[in-house]
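Chemist: Here are the chains, one letter per residue:
Protein chains: 2
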Amino acid sequence: MFWHRELIKFSTATKSKSTITKTLVQASLSHFSTASDPPASVAKPSGLGPTKPDEKPRVVVLGSGWAGCRLLKGLNPSLYDIVCVSPRNHMVFTPLLASTCVGTLEFRSVAEPIARIQPSISSAPGSYFFLANSTAVDTENHEVHCETVTDGTDTVDPWKFKISYDKLVIASGAQASTFGIHGVKEHAIFLREVHHAQEIRRKLLLNLMLSDVPGLPEEEKRRLLHCVVVGGGPTGVEFSGELSDFIRRDVHERYSHVKDYIHVTLIEANEILSSFDDRLRHYAIKHLTKSGVRLVRGIVKDVKPENLVLSDGSEVPYGLLVWSTGVGPSTFVNSLGLPKSPGGRIGVDEWLRVPTVQDVFSIGDCCGFLESTGKPVLPALAQVAERQGKYLANLLNKICKDGGGHAYGAKDMNLGDPFEYKHLGSMATVGRFKALVDLRQSKEAKGISLAGFVSWFIWRSAYLTRVVSWRNRFYVAINWLTTLVFGRDISRI
Amino acid sequence: MFWHRELIKFSTATKSKSTITKTLVQASLSHFSTASDPPASVAKPSGLGPTKPDEKPRVVVLGSGWAGCRLLKGLNPSLYDIVCVSPRNHMVFTPLLASTCVGTLEFRSVAEPIARIQPSISSAPGSYFFLANSTAVDTENHEVHCETVTDGTDTVDPWKFKISYDKLVIASGAQASTFGIHGVKEHAIFLREVHHAQEIRRKLLLNLMLSDVPGLPEEEKRRLLHCVVVGGGPTGVEFSGELSDFIRRDVHERYSHVKDYIHVTLIEANEILSSFDDRLRHYAIKHLTKSGVRLVRGIVKDVKPENLVLSDGSEVPYGLLVWSTGVGPSTFVNSLGLPKSPGGRIGVDEWLRVPTVQDVFSIGDCCGFLESTGKPVLPALAQVAERQGKYLANLLNKICKDGGGHAYGAKDMNLGDPFEYKHLGSMATVGRFKALVDLRQSKEAKGISLAGFVSWFIWRSAYLTRVVSWRNRFYVAINWLTTLVFGRDISRI
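So the sequences go chain by chain: A and B. Just so you know, we're using my numbering here: the first sequence kicks off at 1 and counts up by one. Just so you know, we're using my numbering here: the second sequence kicks off at 1 and counts up by one.
Fair warning: there could be bad hints in the mix.
Negatives, chain A to chain B, calculated, CB over 12 Å [claimed, not checked]:
(1) S78
(2) G233
(3) D250
(4) R254
(5) D349
(6) L424
If you want the ones that stay clear, here's a sample from chain B, every Cβ over 10 Å from chain A, calculated [to be verified]:
(7) E253
(8) G328
(9) T482
Partner residues are not named here, just some residues of chain B that face chain A (Cβ under 8 Å, in silico) [said to hold, decoys possible]:
(10) S46
(11) P50
(12) P87
(13) N89
(14) R108
(15) L131
(16) L206
(17) S211
(18) V213
(19) Y255
(20) T331
(21) F332
(22) F474
(23) I478
(24) W480
(25) R488
It should be emphasised that the hints constitute simulated quantities derived from the structure, not laboratory data. Positions of the beta carbon are idealized from the N, C-alpha and C atoms, including for glycine.
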């Protein structure tokens with residue numbers, strides 16, 4: 001109340017203003033004065049040092065995708081101090097990402113904050129989340145080198161620090177493959193992160209509005225409104241389906257001046273949805289074609305700002321180019337001096353350990369079984385990553401309970417059952433009320449495969465129950481409901 | 001089904017692949033071939049020409065704020081072709097913008113697409129929405145010059161075009177005042193658009209995470225987590241209140257490592273909430289102080305990347321700086337050769353016409369009564385803009401019904417009652433469950449003024465019923481409910 005009384009005084013007596021203001025400011029901002037601060041705070045070691053034998057051991061997890069987050073969820077915070085290092089503070093619920101590009105779902109509904117997945121990282125004294133990239137792993141000294149993400153902010157320099165680990169789990173994922181094709185990185189948009197979906201949405205709405213401008217040549221209108229998707233895997237097919245549905249339902253109503261100019265083309269070098277049953281693939285092709293998606297078999301050779309060139313020399317003008325041709329090893333993984341699996345991933349044994357060094361594990365799209373295990377490298381799928389995360393959380397909890405939690409503590413320990421992967425099946429939606437569900441364990445095996453409305457219902461229900469928090473389950477349901485009632489949202493924010 | 005059959009054939013017979021692919025691609029992309037296009041499409045005049053006497057007259061509205069959108073809503077599309085030119089395709093529900101910065105509301109819930117406010121702009125043949133900035137007004141030729149917004153997209157050059165109008169309404173708003181203080185534009189964030197709120201949110205969450213990094217000096221932690229708000233009007237106060245509530249409710253739970261370092265300071269040169277009743281102001285001061293907001297009276301002299309300098313020479317380090325000191329005439333308004341009101345706004349008469357030229361009107365924050373009308377310039381408030389938009393929509397509909405819709409058609413027409421403004425009162429929230437409602441017509445008048453929970457309830461209900469569409473009303477209610485149940489969302493997307 002002191003300030004308030006002073007304020008009233010000010011409005012009548014302005015004479016002594018500057019002195020009082022100064023006092024007030026000094027009083028208010030006194031916590032900035034550092035003269036009396038002990039120098040200890042600055043002399044601190046820049047990082048987290050090794051844990052002591054009487055302290056909880058520390059697990060460091062690099063990454064916050066399906067693998068890393070499932071691991072974080074399963075780790076027991078009463079056994080370990082948990083540290084997660086990732087350039088994003090949330091997990092992306094990737095199977096629903098395509099729906100956010102056209103406004104069927106809100107961006108927020110597919111992002112799950114890590115602090116909700118493993119609350120101890122924001123509350124336990126020795127557990128942390130660091131918004132940072134890992135730049136190197138020093139397996140000799142059991143240390144990870146990190147650098148903070150500054151995200152273009154000019155007022156903060158990247159801060160380098162080291163974290164000592166007792167157990168390290170590399171779950172940093174893969175990166176989108178461009179197959180060395182020129183111009184992909186510059187002109188195409190991937191569909192792996194929420195900011196990609198935001199960029200696609202902004203560009204789509206921008207092009208819809210720009211094409212309405214008076215006097216624009218017909219050809220330019222067609223180019224602006226030609227949406228090209230390269231890659232016929234589940235992501236490419238789902239995005240094409242959502243897009244054609246958006247065009248038929250929303251563009252026809254809300255952009256009726258330009259509705260005849262907008263088209264979707266899906267380019268694939270081989271077969272679309274190659275992992276699915278033939279019957280389902282045919283169903284998908286039929287349904288996509290009926291929805292107006294042009295399916296083109298071709299190999300992209302070059303990408304220019306306004307068109308792409310196929311290997312037969314034909315040019316395809318585009319206004320929006322989405323690239324979803326799968327993933328490959330990331331620069332970070334390539335830089336690590338660790339053994340590699342076929343395909344260049346981090347090589348692991350049956351217990352997901354990196355066998356040449358102590359206390360290093362790897363899960364998700366960045367790891368693969370070493371050739372010596374005799375097992376095939378598993379596909380880069382959410383369900384593989386999730387199953388590995390769950391397995392490793394249990395393994396690490398067991399190791400700690402058996403007394404091997406600290407560095408070098410699990411050297412000669414019996415780790416129990418190795419990791420076994422059983423494929424549960426695949427799902428993909430192909431537009432409004434239609435989806436594919438393939439419950440066979442492999443392409444050759446027999447089993448249930450469904451297509452149509454029932455699949456679509458299973459697809460939605462399955463995803464709704466797998467979204468991590470109740471909050472997001474609720475939001476996804478509400479989003480689907482409002483899209484059904486009011487149509488998609490078209491504000492470009 | 002042709003493509004599908006071909007696809008199946010491909011998987012067994014790859015011999016004839018390239019020829020078939022070429023045929024397919026050519027068939028699929030044939031709409032791009034421009035050789036047979038008539039050259040007429042390119043020779044089109046670049047813009048919308050004057051309307052003919054037997055066509056509907058055209059109203060061109062510049063801007064999509066409170067004034068422009070209320071006007072668009074009220075215009076009768078069976079009387080006029082309606083064209084809106086604005087750099088954003090939605091209206092921002094500004095009173096709720098502060099709530100989106102900390103995740104109480106989603107960004108989408110406060111943005112209303114213009115096509116929902118006036119559906120004819122996306123469906124009627126002669127009505128349009130153009131995502132563009134107006135660069136000049138040629139009152140002689142009844143034309144507006146426009147340039148498309150390209151938003152940093154390198155593949156699209158700005159497209160210049162002209163629109164002929166029968167009636168022109170300038171509702172392009174004002175711009176944030178910086179009072180010529182060095183560094184404000186570069187380092188402070190305003191709070192007027194959705195992208196401002198997004199930037200504030202991203203920076204706040206970035207700073208919260210960066211300050212948790214090991215080894216960071218104490219002083220730097222305090223700086224990163226010092227949120228400074230300059231300007232004690234309703235926006236500044238509401239944002240400070242939301243922020244302190246976010247800190248007390250969410251930071252303490254989800255960022256417990258750094259919770260003692262985060263502080264909010266509100267700097268105001270005069271009195272906070274100066275338009276409110278004294279009793280309400282004291283209540284607000286008491287409540288903000290209790291919530292931990294430091295109130296500082298001071299004048300900002302200079303803004304540097306990491307600290308700002310007050311006029312008494314004291315330096316205030318900050319991590320986030322929000323600037324909300326009111327608005328002034330925009331560069332566009334300054335560039336127009338039209339008469340000006342006191343304060344540099346576009347001068348209008350009692351019927352909101354620009355009296356020196358024909359068929360030009362102005363509403364909202366960009367207009368003010370000419371001195372010759374003897375009326376005071378109205379404050380830059382949403383309720384003024386909204387009332388003016390409503391009045392002018394009725395006036396323009398009346399003019400057209402009376403046969404004066406076309407250019408120069410209303411020259412000597414009797415326009416009926418002039419615009420009269422009656423202030424309905426002011427509202428501001430000061431944090432969780434607390435708000436001020438001042439229903440007096442002016443500072444000197446008597447009337448009802450309330451503070452506390454009842455006001456907060458009135459505030460929420462009033463806003464909920466004023467959000468334009470049912471979709472957004474529903475979303476705002478759902479957002480408030482989930483924030484209450486699950487806490488605020490902290491994912492940084």
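Chemist: With chain A as the partner, please determine if N89 of chain B meets the hint condition of a C-beta pair closer than 8 Å.
Modeler: 5 Å, holds
Chemist: Can we keep the S211 of chain B interface hint, with Cβ of chain A closer than 8 Å?
Modeler: It is violated, given that the least Cβ distance between S211 of chain B and chain A is near 10 Å, above 8 Å.
Chemist: Have a go at the R108 of chain B hint: is there a Cβ in chain A nearer than 8 Å to its own Cβ?
Modeler: 6 Å, holds
Chemist: Quick check on W480 of chain B please, does its C-beta sit within 8 Å of some C-beta on chain A?
Modeler: Given a least distance of 13 Å, the restraint on W480 of chain B is violated.
Chemist: Have a go at the F332 of chain B hint: is there a Cβ in chain A nearer than 8 Å to its own Cβ?
Modeler: Violated: closest Cβ of chain A sits about 19 Å from F332 of chain B, beyond 8 Å.
Chemist: Regarding the hint that I478 of chain B lies at the interface with chain A, is the smallest CB-CB distance below 8 Å?
Modeler: OK, holds: I478 of chain B within 8 Å of chain A, min 6 Å.
Chemist: Once the shortest beta carbon distance from P50 of chain B to chain A is found, is it less than 8 Å?
Modeler: 13 Å, violated
Chemist: For the hint on L131 of chain B, does the least C-beta distance to chain A fall short of 8 Å?
Modeler: 4 Å, holds
Chemist: Does P87 of chain B pass the interface hint, meaning its C-beta sits closer than 8 Å to a C-beta of chain A?
Modeler: Violated. Min distance 10 Å.
Chemist: Per the CB criterion, is Y255 of chain B less than 8 Å away from chain A?
Modeler: Since the shortest Cβ distance to chain A is 6 Å, the answer is holds.
Chemist: Any Cβ of chain B at or closer than 12 Å to D349 of chain A, or is the non-interface label fine?
Modeler: 32 Å, holds
Chemist: Holds or violated: R488 of chain B as interface residue toward chain A, Cβ cutoff 8 Å?
Modeler: With a closest approach of 10 Å, the R488 of chain B hint is violated.
Taken one by one, the earlier hints fail for this structure at numbers 3, 4, 7, 9, 11, 12, 17, 20, 21, 24 and 25, listed in ascending order.
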